[in-house]
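Got chain A; can you put chain B on it based on the hints?
Protein chains in written order, with this note's numbering: chain A, 1 to 588; chain B, 1 to 390.
These aren't lab readings, by the way, just hints derived from the structure by calculation.
Be careful, since some hints might not be right.
[What the hints assert, rightly or not] Quick list of the computed label-pair ranges, beta carbon to beta carbon:
#1 198/A x 130/B: 33 to 43 Å
#2 414/A x 363/B: 44 to 54 Å
#3 569/A x 130/B: 36 to 46 Å
#4 68/B x 19/A: 28 to 38 Å
#5 200/B x 202/A: 33 to 43 Å
#6 214/A x 129/B: 53 to 63 Å
#7 133/B x 451/A: 50 to 60 Å
#8 363/B x 214/A: 46 to 56 Å
#9 134/B x 367/A: 43 to 53 Å
#10 356/B x 201/A: 40 to 50 Å
#11 131/A x 14/B: 30 to 40 Å
[As the list claims (entries may be wrong)] To give an idea of the interface, some chain A residues facing chain B are shown, with a C-beta separation under 7 Å as derived from the structure:
#12 46
#13 49
#14 216
#15 487
#16 488
#17 490
#18 491
#19 498
#20 509
[As the list claims (entries may be wrong)] Not close to chain A: a few residues of chain B, all C-beta gaps over 10 Å, as computed:
#21 88
#22 170
#23 368
What you are looking at is a predicted structure, and each value in this text was computed from that prediction instead of being measured.
We put the beta carbon where it would ideally sit given N, CA and C, even for glycine.
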Amino acid sequence: MRGQLEDGLPWALGLGAAALLALVFYYPVATVLIEAVSVAGRVTVEPIVGILTDPFYVGWLARAITDPGTFGRALLEAPIATLTGSLGLIGFTAYQALLSAIACVALGVPGAYVLARYEFPGREVIRSLTILPFVMPSIMVAIGFVSMFGESGTLNQVLRALGLGEIEVLFTLPIVILAHAFYNAPLVTRVTAAAWESIDARRIESARSLGASPQRAFRDVVVPQLLPAIATGAVLAYIFSFMSFAIVLALGGLGFATIEVWIYNQVTQLEYASAAALATIETSISLGLTYLYLRYEASQEGIGEGGGGGRPLNRKPLFGSLTPTRIAVGGYLLVVGVVFVGPIASMIVASLTNDAGFTLANYDFLLSRQRTAYSFQVQPLDAILNSLLFAAGSLVLSVPIGTFVAIVSTRRFRGRKVIDALAMAPIAVSGVVVGLGLLRGLVFGVEVWGYRITVTGTVAIIAAHAVAAYPFVVRNLTPLLGGLDRRLTESARSLGASPARAFLDISLPLVWGGVLAGAAFAVAISIGEFDSTVILATGTESYTMPVAVERYLGRRLGPATAMGCVLLGVTSGAFLVVERFGDRGGLL
Amino acid sequence: MTRITVEGLKKRYGATRALDWVSFAVEEEDFFTLVGPSGCGKTTLLRTLAGFEAPTSGEIRFDDASMASVPPEDRGVGVVFQNYALFGHMSVAENVGYGLRFADPPGGVGKSERVAELLDLVDLAGMGERSPTELSGGQQQRVALARALAPAPRVLLLDEPMSALDAGLRERLRVELASIQSELGVTTVYVTHDQEEALAVSDRVAVMSEGRIEQIGTPREIYGSPATRFVAEFVGDNNVFEGRVVEVESGSGDETEGTGEEQESGDPGSKSTESRGQNGTRPTDGRTIVTIEVGEARFRARTAAEHAEAGERVLLCVRPEDLRVETGTKEEGTNRFRARVGSSEFLGEATRVHLDWEEQSILLRTTASATPEGTIELGFDPADAHVLEG
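Bound-form chain A, shown alone:
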């Protein structure tokens, strides 16, 4: 393999990236895991076993273990009530993730149908927009939902105007699930639409010519090619909903706490030991789910690929004579309007209005220093400045790390898969756990050769943001680098360029769009990051816009919506950069 790896450069870069990752990700997360299995310097599984047998955490499972007899009888008498009656914290987390995944499929698959099978103005734009939730700050989604579904939200105003009374949906399970659907259904739409569009019309035509009816051809040809994509989207939606934090915290409250929310709650109560134990359990589950997902994804590779080329299905015009399908599509678009457009529009409207009508007071509030504010109160301008500082810092860290990881992972060598997995693990570890690890491992300090090394909250937050952001740089760059014709760099080498020179002259310019897209993602992720920031910013001056929003959310909706609009602006800007440069690779 010397042929591919004779150049030491990628190794040097890779080692640098690995050292940084070890410092800001693996070491902090490891401290959490160690804390979970040691009590007073003694290795023990007590805290973890304690959680796994506590009805508060595992519900009926604990009863089944501690008192199987009684539990068995209860199960026989009223099976459903017994199983759903007391889920416990972990069970509830899994349960709401399941409901969320179902909601995402229900909301997402019809969207894929519309995008893949109908032609209408703006179809390409809407298709592109399905990536937007990915870069949207979760706390912003929460504000949007409060603006739309809150007590004085748009929905209730409409209902009142229609004389239908009010509904109270905030702090209920359905609103949490709906918000998760807002977040993840576009993902289901995206992957399913891609699968639908890749179906070769000639396959359906072959089935029809062999005697299948249209319905039968759909069942035998289309459905088998869609199912893997739907499953992929559903599993991802499940994982993301399982690890969801800000949405549950803001829309569900402690009454609907998930593991993430409870870890945060324990941290704020300074109960670090149980937080660590819970974090360990959660990380095991999320890593396990991610591993299963990746196994599944690998097993699906190549399915549905026809013998090259392929002709996509014809699209029908969306607008035309009213057929039952068109009416159904219209109904679906109405739901989309309420769930997706409603929250964003409501947030924008709410930020620009008060009781007296149109106002810029909310934005004015963001920019003015609150002289009257007490020192413990959140200063909006500080939050904005902090967010910008952290975004710049994480950009500077995450783009090189991501680029190096991408370079290493596109090389062929033994053990590459292990490196890939280690480099992408941060995706499967929740921000709350990373935040907890950085807090315990670095902010509280670590002793090295008798010296106590501590980092400030600012540095820790930048590290946490970089860890959250760099996988997106990798994801943007790896396909471009992998798709680069190796003969391009080989040509440069044969003409006299060293490996480093060939990379700078040839590869980098050709993947530059991916670097830009990755950088845009990094900024968007950093600006929107809430999970680890809220832990690291507790009791410090290092709060960011999302943290400020969360604190305003309960008390002052106006400034929260204004700040939400600022977040929306940043996110949209990043989205435009991603759209413009994301999918453009080599020119030849």
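Relative to the frame of chain A, chain B by itself:
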């Protein structure tokens, strides 16, 4: 100019042997072609020469210097790939001038003069400011050639540079390429799967199969005296009959046809080494007429002495153009057989006829204006037959 020597080269990818003990030498200024079906190892061999792949074992020398630890950028090779691998973010002139960033142009000229000189050479003068993406396939191919030649490489390596072009252009460009090559005198290794192209442009050809070299020789030697059944069937059309020697007559002086035919060494161990032909040691004496039994039929062939042993299993090869359609009822000649016409393809300058004889399909190439029909009588001259060890 540079002489390339390759000795005992092996390249393994896991369990597959991409190159299996390959040895050959390319003389200075030679146009040397590696030809074979896809997957035969010819591209791997070229990439190993360029330094993009490291051999598992064996040695490559440019003149007397071993290339074992020399990275591609220090080998002085110019490479043209099938897809040209032009740098899409650079202009044509920047592409051609890229190698001059690392080495001064030969002959003390300035870099921009050298670029202009090369563009002129490949007939693209004035196109320097264009983007490669604006050019046609044939123009892109010539930019790639100019780029490879600009730093005056010791060795030019071409990996199927024509196969993305349409047929007419391909033929024109290969003539241009051959003339540029002989003008510059740069030692050239050319990889192609197209045996016709290989015969047309090369000084010498190596036919490869499954990681080994089957035969090396001039185009005429390869075509006229294939060393193995693979070469006989891969290079041009051929009729190969499996048979057994039944009679050997010692050389008869009255055979006068000078077909250039000669016999290969029958030692199977020599398959991957050079055939006798290019060593210039043509067997001038010891020719014999052997009678070979193929099924029920008996054919006579003129061959060298090595195979001339009764009972030996041999392959008798007759080119389609060496088969004659026998008309009239001449006296029972040698090498006559009756075959049934199946289908025929009109090729323009000739007609290729598929026939059936004794459950074997036979190819006939005829320039007769009338396409033969029904059952016809075929014959061939013993001197046109070529005998291989079976």
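Against the structure, the hints come out as follows:
| no. | hint | verdict |
| --- | --- | --- |
| 1 | 198/A x 130/B: 33 to 43 Å | 35 Å, holds |
| 2 | 414/A x 363/B: 44 to 54 Å | 49 Å, holds |
| 3 | 569/A x 130/B: 36 to 46 Å | 41 Å, holds |
| 4 | 68/B x 19/A: 28 to 38 Å | 33 Å, holds |
| 5 | 200/B x 202/A: 33 to 43 Å | 39 Å, holds |
| 6 | 214/A x 129/B: 53 to 63 Å | 55 Å, holds |
| 7 | 133/B x 451/A: 50 to 60 Å | 58 Å, holds |
| 8 | 363/B x 214/A: 46 to 56 Å | 50 Å, holds |
| 9 | 134/B x 367/A: 43 to 53 Å | 50 Å, holds |
| 10 | 356/B x 201/A: 40 to 50 Å | 43 Å, holds |
| 11 | 131/A x 14/B: 30 to 40 Å | 39 Å, holds |
| 12 | 46 | 49 Å, violated |
| 13 | 49 | 46 Å, violated |
| 14 | 216 | 40 Å, violated |
| 15 | 487 | 4 Å, holds |
| 16 | 488 | 5 Å, holds |
| 17 | 490 | 5 Å, holds |
| 18 | 491 | 5 Å, holds |
| 19 | 498 | 6 Å, holds |
| 20 | 509 | 5 Å, holds |
| 21 | 88 | 3 Å, violated |
| 22 | 170 | 20 Å, holds |
| 23 | 368 | 42 Å, holds |
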